[in-house]
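Residue numbers (our numbering), protein chains in the order written: chain A, 21 to 132; chain B, 76 to 677; chain C, 5 to 344.
Just so you know, the hints here were simulated from the structure itself, not pulled from any lab data. Every value quoted in this text rests on a predicted model; they were computed, and no experiment measured them. You may find that some hints are simply not true.
What the hints assert, rightly or not - The calculated DSSO-like cross-link candidates involving lysine-lysine, where the alpha carbons are at most 30 Å apart (straight line), are:
#	chain 1	residue 1	chain 2	residue 2
1	B	Lys115	B	Lys153
2	A	Lys93	C	Lys255
3	A	Lys93	B	Lys450
4	C	Lys258	B	Lys450
5	B	Lys428	B	Lys450
6	B	Lys450	B	Lys562
7	B	Lys399	A	Lys127
8	C	Lys258	B	Lys512
9	A	Lys127	B	Lys428
10	B	Lys477	B	Lys129
11	B	Lys512	C	Lys255
12	B	Lys147	B	Lys231
13	B	Lys428	A	Lys126
Unchecked claim - To give an idea of the interface, some chain B residues facing chain A are shown, with a C-beta separation under 7 Å as derived from the structure:
#	residue
14	Phe318
15	Lys428
16	Ser434
17	Met438
18	Ala500
19	Thr622
As the list claims (entries may be wrong) - Now the stretches of chain A that chain B is said to cover, found in silico as 3 or more residues with beta-carbon under 8 Å:
#	segment
20	37-44
21	58-72
22	115-121
For glycine and all other residues, C-beta sits at the position ideal for the given N, C-alpha and C.
So you can see what is in the structure, the chains are spelled out below.
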Amino acid sequence: MDFGFKLSPSSAVNLDTVDHRRFDRLAQLVPDALTCIGCGSCSATCTASAWTGMSVRKVLLGLQRGQDAEVDKMLSGCMLCGKCTMVCPRGINTRQLILTLCRLDKKGEMVR
Amino acid sequence: MRERFASGFDPFVIPFVIGMAFVLGYCLIAMIRVICQLPKADRKRFLLSLITPKYIWMNLRDIFLNCLIHVKLWKRNKVLGYMHSSIAFGWFMLIVLGHLEVMLFVPERIHLFYYPIFFNYFVAETEQTLQGALLMFLMDFFLLMVLSGILIAIIKRFASRIVGMRRTTRLSALDRVGLYSLWAIFPLRLLAESFTAHISGGSFMTIPANWLFRQFLGNDLNALPTWWAYSIALCIFMCVLPFTRYMHIPAEMLLIPMRNAGIKIRHPRKGFALLEVYSCPGCGVCIDACPMSVRKTNCKDATVYLNRQLRRGNERRIAEISDKCLLCGKCSAVCQVGVQGPELRVAQRERRKFALTPSYTGMDVQPLTAAVAGKGGVLYFAGCMTQLTPSIRRATASLLDKAGVRWHLMDPDGGLCCGRPLMMAGRSEQARELIAKNLEIIRASGCDTLLLSCPICYKVFKEEYPLEGVRVVHHSVFFQELIAAGKLSVTHEDGLRLVWHDPCELGRGCGIYEQPRQALATAGEIVEAGMHHAESICCGGSLGSLTLSYEQRQPMTQNALDNLTVADPDQIVTGCPLCLATFVRMADRPVRDLAEVLDEHC
Amino acid sequence: MVNRQPIIAVIGAGIAGLEAASQLAALGYKPVLIEKAPVVGGHVAEWNRLFPDMTPAEDVLQPLLAGTAKVRTLLNTEISAINRLKDEYNLILSDGSSLLCQAVLFATGFHLFDASKKEEYGYGIYDRVITNRDLEQWFNSRQDARIDKPRAVGFVHCVGSRDLKAGNPQCSKVCCITAIKQAIEMKEEFPDAEIYCFYMDLRLFGKKYEDFYIRAQRDYGIHFIRGRISEVGEAIDNRVVVKAEDTLSGKPVKVTLDLLVLMAGIVCNPDAQQYAREIGVAVDEDGFLKSRNNLAAITDSSRPGVFFAGACTGAKTVPETLAEARSAALAIHNYFNSRG
Numbered sequence: 021m022d023f024g025f026k027l028s029p030s031s032a033v034n035l036d037t038v039d040h041r042r043f044d045r046l047a048q049l050v051p052d053a054l055t056c057i058g059c060g061s062c063s064a065t066c067t068a069s070a071w072t073g074m075s076v077r078k079v080l081l082g083l084q085r086g087q088d089a090e091v092d093k094m095l096s097g098c099m100l101c102g103k104c105t106m107v108c109p110r111g112i113n114t115r116q117l118i119l120t121l122c123r124l125d126k127k128g129e130m131v132r
Numbered sequence: 076m077r078e079r080f081a082s083g084f085d086p087f088v089i090p091f092v093i094g095m096a097f098v099l100g101y102c103l104i105a106m107i108r109v110i111c112q113l114p115k116a117d118r119k120r121f122l123l124s125l126i127t128p129k130y131i132w133m134n135l136r137d138i139f140l141n142c143l144i145h146v147k148l149w150k151r152n153k154v155l156g157y158m159h160s161s162i163a164f165g166w167f168m169l170i171v172l173g174h175l176e177v178m179l180f181v182p183e184r185i186h187l188f189y190y191p192i193f194f195n196y197f198v199a200e201t202e203q204t205l206q207g208a209l210l211m212f213l214m215d216f217f218l219l220m221v222l223s224g225i226l227i228a229i230i231k232r233f234a235s236r237i238v239g240m241r242r243t244t245r246l247s248a249l250d251r252v253g254l255y256s257l258w259a260i261f262p263l264r265l266l267a268e269s270f271t272a273h274i275s276g277g278s279f280m281t282i283p284a285n286w287l288f289r290q291f292l293g294n295d296l297n298a299l300p301t302w303w304a305y306s307i308a309l310c311i312f313m314c315v316l317p318f319t320r321y322m323h324i325p326a327e328m329l330l331i332p333m334r335n336a337g338i339k340i341r342h343p344r345k346g347f348a349l350l351e352v353y354s355c356p357g358c359g360v361c362i363d364a365c366p367m368s369v370r371k372t373n374c375k376d377a378t379v380y381l382n383r384q385l386r387r388g389n390e391r392r393i394a395e396i397s398d399k400c401l402l403c404g405k406c407s408a409v410c411q412v413g414v415q416g417p418e419l420r421v422a423q424r425e426r427r428k429f430a431l432t433p434s435y436t437g438m439d440v441q442p443l444t445a446a447v448a449g450k451g452g453v454l455y456f457a458g459c460m461t462q463l464t465p466s467i468r469r470a471t472a473s474l475l476d477k478a479g480v481r482w483h484l485m486d487p488d489g490g491l492c493c494g495r496p497l498m499m500a501g502r503s504e505q506a507r508e509l510i511a512k513n514l515e516i517i518r519a520s521g522c523d524t525l526l527l528s529c530p531i532c533y534k535v536f537k538e539e540y541p542l543e544g545v546r547v548v549h550h551s552v553f554f555q556e557l558i559a560a561g562k563l564s565v566t567h568e569d570g571l572r573l574v575w576h577d578p579c580e581l582g583r584g585c586g587i588y589e590q591p592r593q594a595l596a597t598a599g600e601i602v603e604a605g606m607h608h609a610e611s612i613c614c615g616g617s618l619g620s621l622t623l624s625y626e627q628r629q630p631m632t633q634n635a636l637d638n639l640t641v642a643d644p645d646q647i648v649t650g651c652p653l654c655l656a657t658f659v660r661m662a663d664r665p666v667r668d669l670a671e672v673l674d675e676h677c
Numbered sequence: 005m006v007n008r009q010p011i012i013a014v015i016g017a018g019i020a021g022l023e024a025a026s027q028l029a030a031l032g033y034k035p036v037l038i039e040k041a042p043v044v045g046g047h048v049a050e051w052n053r054l055f056p057d058m059t060p061a062e063d064v065l066q067p068l069l070a071g072t073a074k075v076r077t078l079l080n081t082e083i084s085a086i087n088r089l090k091d092e093y094n095l096i097l098s099d100g101s102s103l104l105c106q107a108v109l110f111a112t113g114f115h116l117f118d119a120s121k122k123e124e125y126g127y128g129i130y131d132r133v134i135t136n137r138d139l140e141q142w143f144n145s146r147q148d149a150r151i152d153k154p155r156a157v158g159f160v161h162c163v164g165s166r167d168l169k170a171g172n173p174q175c176s177k178v179c180c181i182t183a184i185k186q187a188i189e190m191k192e193e194f195p196d197a198e199i200y201c202f203y204m205d206l207r208l209f210g211k212k213y214e215d216f217y218i219r220a221q222r223d224y225g226i227h228f229i230r231g232r233i234s235e236v237g238e239a240i241d242n243r244v245v246v247k248a249e250d251t252l253s254g255k256p257v258k259v260t261l262d263l264l265v266l267m268a269g270i271v272c273n274p275d276a277q278q279y280a281r282e283i284g285v286a287v288d289e290d291g292f293l294k295s296r297n298n299l300a301a302i303t304d305s306s307r308p309g310v311f312f313a314g315a316c317t318g319a320k321t322v323p324e325t326l327a328e329a330r331s332a333a334l335a336i337h338n339y340f341n342s343r344g
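Throw the hints in and build the complete structure from the sequences for me.
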């Protein structure tokens, strides 16, 4: 019998297959990336979020959940204004994190 | 005077001739290279300036005052000023007088460029004349001057604190060779001239020395080896010069005319940037000045080390030093040659390659434009940072209302970033896109004045936005004018001691020092920080640094606060939301924005 | 009961100091309570009702006051200096007198974080922004112009705690439950008001705390939003507009409130740090006093004869503080016994 529902492979995050390389390299270069508690301060204060939904929290989470397209879209709206650095309770240097991320390719290699 | 040798030559001059030829050739090629590396328009501009009388006069004056007399250094540190000017000016005078002697007594030898240097070896004194004695006296006098400078230099090397420097640079091996040969040159000259003083004549220093030596040295056998040593010391110094910090001597002579012509850094490694790197004398004044060097940390990241690494091509360190800097501009403010540390670093940042480049062209700013369209009057752009310091926005709004100014807020619900943080990060192309968007909004408003309470925004709006017909003004200046015009009446509170913190971007960045103080003086009594105006210390919160962590910044903030509170003020007042937010977390007394203080007393 | 001679200086007459002093007195020692405020009771005396049973603060204080009625209590007294002698400590008091004692008990408690240091929350700038302490005082006095029949109330958790920038990276432990307690009380007071709690993580570890949380959700309809408020602005009608991210939906949220309550965190009393330095007692990285052992000897300091009770070693709840005060009294008793 067909109920009209199908298994949708894209709606679930399969941690077995997620490519971690970009996040791992980022964490190596900017260890702060590991200390995010996902409080959302950065997203709420973000100047660019109104345009692209930029959120450092979501970028960090997205990298660990294999949502590369969303991550790149968010990053391409960042204006580096530094508000997120100001409000982060964990003192993460978010500007360094973003700039470093922008220099990494999909495989986590630094472009030269 | 008569010549002792018909040939006018002795083999000991050969080392000097080699050294001189090498250094002149090297500098000539380097100069041509730097000029060729300039962009075409800059090159044309520079070459034109060299034949414009106004610039010729300016260049000569600046070269004389900076390269020989070191006036800037005198203002900063009298001992160091004397040390440098005695060596540079004394040496210069020895060369000039040497030529004068040759022209006067043996004019046929003027074409031999070693002759003025070794004049005393080649001549014998036949009769004493007044002009001869005067020249001899002057030669001895300037030699003494140089020697006194060398003595200070030696003392400084071993005990820099005596001359008022806490930290000096660590020398590279070649720098040491250069340094020791420089130290050796003048004592050797004194010795050499003393040994031959009974033949060539001398003055108050060389004649007594000659007499003294003759008491226990029975013959003249020491003379020639000493002249050899003198020549060799000169040769060593000149041969290593291009590879040491002493390259700053010829480089600065080119830097001054180029800067006067208005040339700027266009390439991180070529042209003007290269020239700046080579103009760095490696004195290390920037180490003590750098706000990052508090508690002996980050000393190796001062501009002097950036220049050194740029010369060595150590890419890893160049990137590290370039990214760490707060871009506060203090090193440039204290630099004797005017090396632009921040600009040099931003140029390195601009060189980076990115896998992902943001773009803002697709952003539709229609709602923001529509909100202010046709409002005219004063447009107040609070900016990103001011969103986090609501006290500033509130006080500014209140003051504008009290003064009866017709104004509108450009970003009531947040706007776009001004672009300055992107520029600091070396992404000026992306910044241009933001600038274009913001321009749309400002133009649509029809305002005649753009008011900023954030110096970071102010600097970029003033310098990078083509806003003809719109006055861009920082709130400290605007309020000072309103007070002066009687539109705002501020009640003076007796006994209220206020210290003004010069934000980097407002003070060193835009040259605004006095208006905020004048405005503040209407509300209370101004006391000054330990270091202020162009020497003010960065709060440590600067967006300029890309890599400094919060923990690393904390001691810098504490140091800046300690500097601000030396006169024990009641309140610390500043004009930058970022400085405010940075200080307020760690200060032991209230930290306020100028607008808050004025509003409270209005 | 034998009359034991040792004198014990108990610094601070909050609940920790009171409880410890009353226990020490019962054991036959001579505790001296030194309190810089004009009244005893510390922070608890300023509070209205206490979680989780909504016990009036008065009810906790009464037995403590009764137990210390005969204890020598110096009010309005600050300590100018402490000197360590061989086996004794000499306290120089603000009235010029000095007190020689054989043991010192730090019951110095905590300070509430100064919420005005968080510029972006606008405490001291906006009329509608208050702190947890302000609200508690309003419950007591009913006098605060800032609280005027609010229709929308927000609570911000973790103000100056779990915040590196505020110099306080650790959790203040009691704010989550206090916020829920105060949210419930506000809802009881203003049944029509919408109440929002903005939290990073809810840490409801204690007995009955989870029940409290469930009641707040089910019986009082309090809205819990997982997101830290980043900015507070002002609407035209003087109400405050707060911006946060609802991290669960991943969307920015904005809400206009009549009252915003900042749950100011707990930091160590700076006086305690000063005294500790004077007699060489270690201060921990978090700014609180450092116990000899965080598991087995929380009331012992690094120095013989110096003991801790309550929030001077970190944020504590009322029952924890009381239990620790008794434990400290016993530790002091053992200390003197072992010395003969």
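* Asked: Do the alpha carbons of Lys115/B and Lys153/B lie within 30 Å of each other, as the hint requires?
  -> 41 Å, violated
* Regarding the pair Lys127/A and Lys428/B, is the alpha-carbon distance no greater than 30 Å? -> 16 Å, holds
* Coverage criterion applied to the segment 37-44 of chain A (partner chain B; beta-carbon cut 8 Å; 3 residues) -> violated (count 0)
* Asked: Given the hinted pair Lys399/B and Lys127/A, is their alpha-carbon gap at most 30 Å?
  -> 26 Å, holds
* For the segment 115-121 of chain A, do three or more residues have a beta carbon lying closer than 8 Å to a beta carbon of chain B? -> Contact hint for the segment 115-121 of chain A vs chain B: holds, 4 residues under 8 Å.
* Asked: Given the hint that Lys450/B pairs with Lys562/B, does the C-alpha gap stay at or below 30 Å?
  -> Holds. Lys450/B to Lys562/B sits at ~22 Å (cutoff 30 Å).
* To do: Quickly compare the C-alpha distance for Lys428/B and Lys450/B to 30 Å and report which way the hint goes.
  => 42 Å, violated
* Asked: Can we keep the Lys428/B interface hint, with Cβ of chain A closer than 7 Å?
  -> 5 Å, holds
* Hint check: is the beta carbon of Thr622/B less than 7 Å from a beta carbon of chain A? -> 5 Å, holds
* To do: Starting from Lys93/A, check that the Cα of Lys255/C is at most 30 Å away, please.
  => Given that 30 Å is the threshold and the Cα spacing comes to 16 Å, the pair holds.
* Given Ala500/B as an interface hint, is the shortest Cβ-Cβ distance to chain A below 7 Å? -> With a closest approach of 5 Å, the Ala500/B hint holds.
* With a cut-off of 8 Å between beta carbons, are at least three residues of the segment 58-72 of chain A near chain B? -> Contact hint for the segment 58-72 of chain A vs chain B: holds, 5 residues under 8 Å.
The structure fails to meet hints 1, 3, 5, 10, 14 and 20 from the earlier list, while all remaining hints are met.
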